[in-house]
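The chain contents come next:
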Amino acid sequence: MYTLLELLEQDCTQSPAQLAAQAGMTEAQVKDELRQLEESGAILGYQAIIDWDRVKRERVTALIEVKVVPQSLDGFDRIAERIYQYDEVESMYLMSGAFDLTVIISGRTLREVAQFVGERLAPLEGVTGTATHFILKKYKEKHLVFRRPEPQEREFVFS
Amino acid sequence: MNYDQIISQKIQNIKPSGIRKFFDILEEMTDAISLGIGEPDFVTPWHIRDAGIYSLERGHTKYTSNAGMLELRREIANYLRRRFDLEYDYTNQILVTVGGSEAIDLAIRVLVNPGDEVIIPVPSFVCYGPLTEMAGGVPVYVELTAENGFRLTPEQLKAAITPRTKALVLPFPSNPTGGIMERRDLEAIAQVLKDNDIMVISDEIYAELTYGQRHVSPANLTQLYDRTVVVNGFSKSHAMTGWRMGYVCAPQPVIAAMTKLHQFGIMSAPTTSQYAAIEAMRSGDEDIAHMREEYDSRRRYLVENLNRIGLDCFEPKGAFYVFPCIRSSGLSSDEFCERFLREEKVAVIPGTAFGPGGEGYVRACYASSMRDLTESISRLDNFLQNLRRKQGQDG
Chain S
1 MYTLLELLEQ DCTQSPAQLA AQAGMTEAQV KDELRQLEES GAILGYQAII DWDRVKRERV
61 TALIEVKVVP QSLDGFDRIA ERIYQYDEVE SMYLMSGAFD LTVIISGRTL REVAQFVGER
121 LAPLEGVTGT ATHFILKKYK EKHLVFRRPE PQEREFVFS
Chain R
160 MNYDQIISQK IQNIKPSGIR KFFDILEEMT DAISLGIGEP DFVTPWHIRD AGIYSLERGH
220 TKYTSNAGML ELRREIANYL RRRFDLEYDY TNQILVTVGG SEAIDLAIRV LVNPGDEVII
280 PVPSFVCYGP LTEMAGGVPV YVELTAENGF RLTPEQLKAA ITPRTKALVL PFPSNPTGGI
340 MERRDLEAIA QVLKDNDIMV ISDEIYAELT YGQRHVSPAN LTQLYDRTVV VNGFSKSHAM
400 TGWRMGYVCA PQPVIAAMTK LHQFGIMSAP TTSQYAAIEA MRSGDEDIAH MREEYDSRRR
460 YLVENLNRIG LDCFEPKGAF YVFPCIRSSG LSSDEFCERF LREEKVAVIP GTAFGPGGEG
520 YVRACYASSM RDLTESISRL DNFLQNLRRK QGQDG
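In order, the protein sequence lines correspond to chains S and R.
Quick note: the first sequence uses the numbering used here, first residue 1, plus one each step.
Quick note: the second sequence uses the numbering used here, first residue 160, plus one each step.
Any given hint might turn out to be false.
Claimed, not checked - EDC-like mimics (lysine to aspartate or glutamate), calculated; alpha carbons at most 20 Å apart, straight line:
no.	chain 1	residue 1	chain 2	residue 2
1	R	Lys180	S	Glu155
2	S	Lys31	R	Glu463
3	R	Lys174	R	Asp209
4	S	Lys142	R	Asp446
5	R	Lys325	R	Glu341
6	S	Lys140	R	Asp183
7	R	Lys504	S	Glu155
8	S	Lys67	S	Asp77
These aren't lab readings, by the way, just hints derived from the structure by calculation.
Source: prediction; values computed, not measured.
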């Protein structure tokens with residue numbers, strides 16, 4: 001049986017009653033557990049995944065590799081915080097390998113993104129280098145494909 | 160040309176499925192929700208599709224051996240051992256067929272002599288009776304009831320057996336009821352069969368889709384192994400309906416007879432599909448688990464909500480159908496389905512389509528999106544309320 005979190009991860013627009021029936025819980029239990037999950041921070045939020053290209057809205061996303069001065073994990077956390085506080089930062093991860101932080105930022109234009117990197121990110125104390133990769137096309141995000149699914153032909157076969 | 164004279168009497172005597180007219184109405188509606196079709200709403204998992212594509216890229220476009228590729232049969236044997244604790248020799252006890260349907264047809268045709276009786280529990284999938292008639296046999300229908308959990312009881316079986324009985328069809332997990340046979344139910348059946356030579360044709364196409372307990376095959380019982388023909392396939396378990404891949408396992412002489420017929424009628428099952436099937440057998444267990452979990456949550460949702468809005472619903476333990484009782488509506492199954500489709504634009508199938516014993520029930524397939532299921536429930540609620548209102552006015 002799916003847990004509440006698995007059901008929500010698939011589709012968070014389902015009502016407590018729908019969730020309850022599928023998870024084998026009562027509606028009251030679902031509401032109670034949701035509240036706890038939200039309060040504990042296990043559920044960070046509920047968002048829609050949008051293909052902005054389809055609504056003709058200009059939007060540029062870049063993945064930036066950031067190298068910083070070597071330090072302890074705490075040190076990384078401090079630098080990270082100084083970066084992710086910016087609203088432009090969509091996602092951010094500490095990495096193993098050739099660089100330290102992946103910063104995913106989005107802006108309205110190429111210039112806006114470049115400006116952020118040049119004026120905010122690169123000059124930060126502890127940042128030793130950046131490499132900016134612009135995302136040209138999104139294929140898939142959170143298990144969702146950026147393409148309208150082909151209509152599935154279902155013939156009326158009696159089976 | 161007088162085709163009524165030309166076309167064989169046997170096929171003319173078989174009634175066409177009553178469902179067709181219903182699908183005709185449905186086809187005219189553009190915005191109807193269909194819970195009528197019995198097939199997974201998933202697309203075949205990518206790695207399985209990829210294996211089929213890759214086989215084409217390498218040019219594997221020829222016939223395979225009649226019984227199916229040895230490699231596939233070996234994988235099927237491994238799979239059956241791993242998943243269901245069934246032992247079959249892949250060299251001579253397994254035949255790869257064009258869907259489970261071909262396997263059922265072959266099984267009936269190699270077993271039935273003219274006049275032989277085949278016991279068929281109903282309501283069940285529609286093919287067993289017509290295929291028996293085409294083989295010159297006589298279908299003997301046994302009506303299962305919700306009170307018995309749509310199981311075949313030993314008493315019912317005993318009452319149906321005559322000296323002409325050749326075979327018993329066990330269609331479990333059941334389309335359309337969702338009923339299953341547990342080990343103790345099969346043991347009781349074995350007890351009834353022990354003093355005769357009646358064969359069991361076990362249609363286990365939904366074996367992977369059980370909720371709460373693993374499927375038990377009659378072939379799992381030592382007493383029944385030698386008389387059981389196990390029919391299975393990839394359509395429901397691996398969402399592969401269009402690939403037309405099935406298989407059948409049985410004692411060697413039965414498989415030899417079936418292979419003889421298969422090589423005249425079919426030659427060999429589609430090669431591309433066989434390559435995809437190898438991949439499904441090797442690495443498909445996780446896909447099954449994922450799809451079963453999906454179906455299970457939809458099943459729970461439907462059963463709870465059907466009961467909530469006032470339709471008694473037997474809790475299905477297998478397959479992907481619910482089979483609620485609609486007698487409280489005061490309508491026949493046919494009327495119910497036609498009016499529900501016309502008034503609320505949701506298609507479900509009348510229980511009568513699945514043979515005698517189906518009156519008073521409808522089948523809804525929950526291999527559909529949660530969105531469609533939720534919408535269907537609210538339309539059904541609406542339909543029932545309108546019905547009660549009208550009936551209140553009339554009364």
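Regarding the pair R/Lys174 and R/Asp209, is the alpha-carbon distance no greater than 20 Å? Violated, because 41 Å separates the two Cα atoms, which is more than 20 Å.
Distance restraint between S/Lys142 and R/Asp446, which requires alpha-carbon spacing of 20 Å or less: The hint holds at about 18 Å.
Satisfaction of hint between R/Asp183 and S/Lys140, Cα-Cα up to 20 Å: violated (38 Å)
Given hint S/Glu155 paired with R/Lys504 - CA-CA distance at most 20 Å: holds (17 Å)
Does the structure keep S/Lys67 and S/Asp77 at a Cα separation of 20 Å or less? holds (14 Å)
Taking only the CA atoms, is the gap from S/Lys31 to R/Glu463 under or equal to 20 Å? Status holds; Cα separation ~18 Å.
Would the hint linking R/Lys180 and S/Glu155 be met if the CA-CA limit is 20 Å? This hinted pair holds, its Cα atoms lying about 14 Å apart.
Taken at face value, is the distance from the CA of R/Glu341 to the CA of R/Lys325 at most 20 Å? violated (23 Å)
The structure is inconsistent with the numbered hints 3, 5 and 6, although it conforms to all the rest.
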